[in-house]
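Novice: Got chain V sorted already, so can you dock chain C onto it with the hints?
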Amino acid sequence: MLDRILSELPRFFGPYNLIFLGEALLSTLALSAAGCLVGCLVGFPIALLRRTRGWATLPLRAIATGFVELFRRVPFLVTLLTIFFVSQAVGLSLSTFSVGLVSVCLIASAFISEIVRGGLASVHANQTDAARVLNLSSRQTLVHVVLPQAWKVIIPPIFGFFVLFIKDTALASQVGVLELTYASKVLNSRGFSAVLVFGTILLLYFALSYPLSRLGALLEIRLAVRRSQRD
Amino acid sequence: MNYTLHYGQVIGYLPDLLIGAAISLEIAFLAFSGGMVIGLVGALARTHGGRFLSAMAKAYVIFFTNTPQLAQIYFIFFGLPDLGILLSPFQAVLLGMTLNAGAYLTEIQRAGLASVRRSELEAAQTLGMSRLQQVRYVILPHIIRMLFPPLSNQYIMVTLGTSMASVFGVEELTGRALNVNSTTFRSIEIFSLTAAIYVGMTLLASLSLTVAGHHLFRARMKTT
Numbered sequence: 012m013l014d015r016i017l018s019e020l021p022r023f024f025g026p027y028n029l030i031f032l033g034e035a036l037l038s039t040l041a042l043s044a045a046g047c048l049v050g051c052l053v054g055f056p057i058a059l060l061r062r063t064r065g066w067a068t069l070p071l072r073a074i075a076t077g078f079v080e081l082f083r084r085v086p087f088l089v090t091l092l093t094i095f096f097v098s099q100a101v102g103l104s105l106s107t108f109s110v111g112l113v114s115v116c117l118i119a120s121a122f123i124s125e126i127v128r129g130g131l132a133s134v135h136a137n138q139t140d141a142a143r144v145l146n147l148s149s150r151q152t153l154v155h156v157v158l159p160q161a162w163k164v165i166i167p168p169i170f171g172f173f174v175l176f177i178k179d180t181a182l183a184s185q186v187g188v189l190e191l192t193y194a195s196k197v198l199n200s201r202g203f204s205a206v207l208v209f210g211t212i213l214l215l216y217f218a219l220s221y222p223l224s225r226l227g228a229l230l231e232i233r234l235a236v237r238r239s240q241r242d
Numbered sequence: 068m069n070y071t072l073h074y075g076q077v078i079g080y081l082p083d084l085l086i087g088a089a090i091s092l093e094i095a096f097l098a099f100s101g102g103m104v105i106g107l108v109g110a111l112a113r114t115h116g117g118r119f120l121s122a123m124a125k126a127y128v129i130f131f132t133n134t135p136q137l138a139q140i141y142f143i144f145f146g147l148p149d150l151g152i153l154l155s156p157f158q159a160v161l162l163g164m165t166l167n168a169g170a171y172l173t174e175i176q177r178a179g180l181a182s183v184r185r186s187e188l189e190a191a192q193t194l195g196m197s198r199l200q201q202v203r204y205v206i207l208p209h210i211i212r213m214l215f216p217p218l219s220n221q222y223i224m225v226t227l228g229t230s231m232a233s234v235f236g237v238e239e240l241t242g243r244a245l246n247v248n249s250t251t252f253r254s255i256e257i258f259s260l261t262a263a264i265y266v267g268m269t270l271l272a273s274l275s276l277t278v279a280g281h282h283l284f285r286a287r288m289k290t291t
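Protein chains in written order, with the numbering used here: chain V, 12 to 242; chain C, 68 to 291.
One thing to keep in mind: the hints can contain errors.
Unchecked claim - Between beta-carbon pairs, the in silico distance windows are:
hint, chain 1, residue 1, chain 2, residue 2, range
1, V, Glu231, C, Phe119, 24 to 30 angstroms
2, V, Ser149, C, Thr193, 47 to 53 angstroms
3, C, Leu199, V, Leu60, 50 to 56 angstroms
4, C, Val104, V, Leu158, 38 to 44 angstroms
5, C, Met196, V, Met12, 53 to 59 angstroms
6, V, Phe24, C, Val108, 33 to 39 angstroms
7, V, Ile16, C, Phe119, 26 to 32 angstroms
8, V, Gln160, C, Ser121, 31 to 37 angstroms
9, C, Leu85, V, Pro26, 50 to 56 angstroms
10, C, Phe119, V, Lys196, 32 to 38 angstroms
11, C, Pro208, V, Arg225, 32 to 38 angstroms
12, V, Leu69, C, Leu271, 23 to 29 angstroms
13, V, Leu229, C, Leu188, 28 to 34 angstroms
Keep in mind the hints are simulated off the structure, nothing from the lab.
Every residue, glycine too, gets a C-beta built ideally from N, C-alpha and C.
Here chain V stands alone, though its shape is the one from the complex (with noise of 0.2 angstroms):
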């Protein structure tokens, strides 16, 4: 067992495999990176809208809650699935890397937002009170008055989520993107050795994920000090 991985050592580290592999290890980043980003810049909007009252944004609130329901409640590789037959079946010739793309920022937008929506939830419901009894507008009273309280709270679960999300990108190997897991899957095929070939996976999934999980633990207790001591 030992000598045949040893024997397989050089030609699995060869210059094509390593290309190969960069190449992988470069569309699981794009794609954790672009759900990350789409994710936080479409999921505050929508914590924000879910805060607001009365009837107006009604219907915006029940769709908001909707979408997130909904992708929050279905495993991401179903999502996946779905938009990759649904983009068949309309007509729309995406490509599998694009299909990922897609579902890695409706989920994380779903994700983000409940975070967000949380945090936001954190703020004593005094504080807004306080804050429209001195005449603040709503936009002031979420710059001044709510954000620099609530992005203490909101920060850390959403690296959490990051290293998460990481992970969970794996699963677009299943409709064909070209990422780590794919990659395993296709030098296992030529036939390297199974515990060689995902082994190297997962230390490299490790070697992206254990960095940002420290930072986040990292975070969580510097932020957490500075809230106690202000109380």
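Specialist: Below, chain C alone, put in the same frame as chain V:
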């Protein structure tokens, strides 16, 4: 965009899909139960296990929470046969999901154990409680109340994770949906139906867990 929806062609497969959903629930239940046991052992090792056991448990948690579940199951399904361990798809998926859930549940249960404050135990001792009474009346109620919401969330995550089993040919909900899709080619209908079943499954789980947590343990629920 000239696609006409024909739900009539897939609605006949609904019983088939529901059996798949039952299998999904079975995998989720088994993986979660196994994960709870691993998590309890892991959490005890982390808090009371001494340096070596604690480091082992920590390494396990860090490794399994920082790599994708799919890649872990690939390793188990394709890699372990090289080492002489041959598992059926169902066993490989179950093993991977259990180990993965165990890592997250270790962290959750560790936080629960850490949340019991010394002053609470001292108060219990002052009241003349025996060690067993302390566990029964102070420690367990406290831990259950603290842990019920995050455990419920984790259960939902495990339920959603079972869709990965389809990749290895286990015929659970997603696997069956893929089968029906390749027989009927009614992709939009079949996948929207599947998504609706998942939404129903998780909604039902959240709802019943919230009600149970509220009434049984007075847990403050904020489940997904």
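Novice: A separate judgement is required for each hint: does it hold in the structure or not?
Specialist: Right, here's what the structure says about each hint:
no.	hint	verdict
1	V:Glu231 x C:Phe119: 24 to 30 angstroms	holds, 27 angstroms
2	V:Ser149 x C:Thr193: 47 to 53 angstroms	holds, 51 angstroms
3	C:Leu199 x V:Leu60: 50 to 56 angstroms	holds, 53 angstroms
4	C:Val104 x V:Leu158: 38 to 44 angstroms	holds, 43 angstroms
5	C:Met196 x V:Met12: 53 to 59 angstroms	holds, 55 angstroms
6	V:Phe24 x C:Val108: 33 to 39 angstroms	holds, 37 angstroms
7	V:Ile16 x C:Phe119: 26 to 32 angstroms	holds, 28 angstroms
8	V:Gln160 x C:Ser121: 31 to 37 angstroms	holds, 36 angstroms
9	C:Leu85 x V:Pro26: 50 to 56 angstroms	holds, 51 angstroms
10	C:Phe119 x V:Lys196: 32 to 38 angstroms	holds, 37 angstroms
11	C:Pro208 x V:Arg225: 32 to 38 angstroms	holds, 34 angstroms
12	V:Leu69 x C:Leu271: 23 to 29 angstroms	holds, 26 angstroms
13	V:Leu229 x C:Leu188: 28 to 34 angstroms	holds, 31 angstroms
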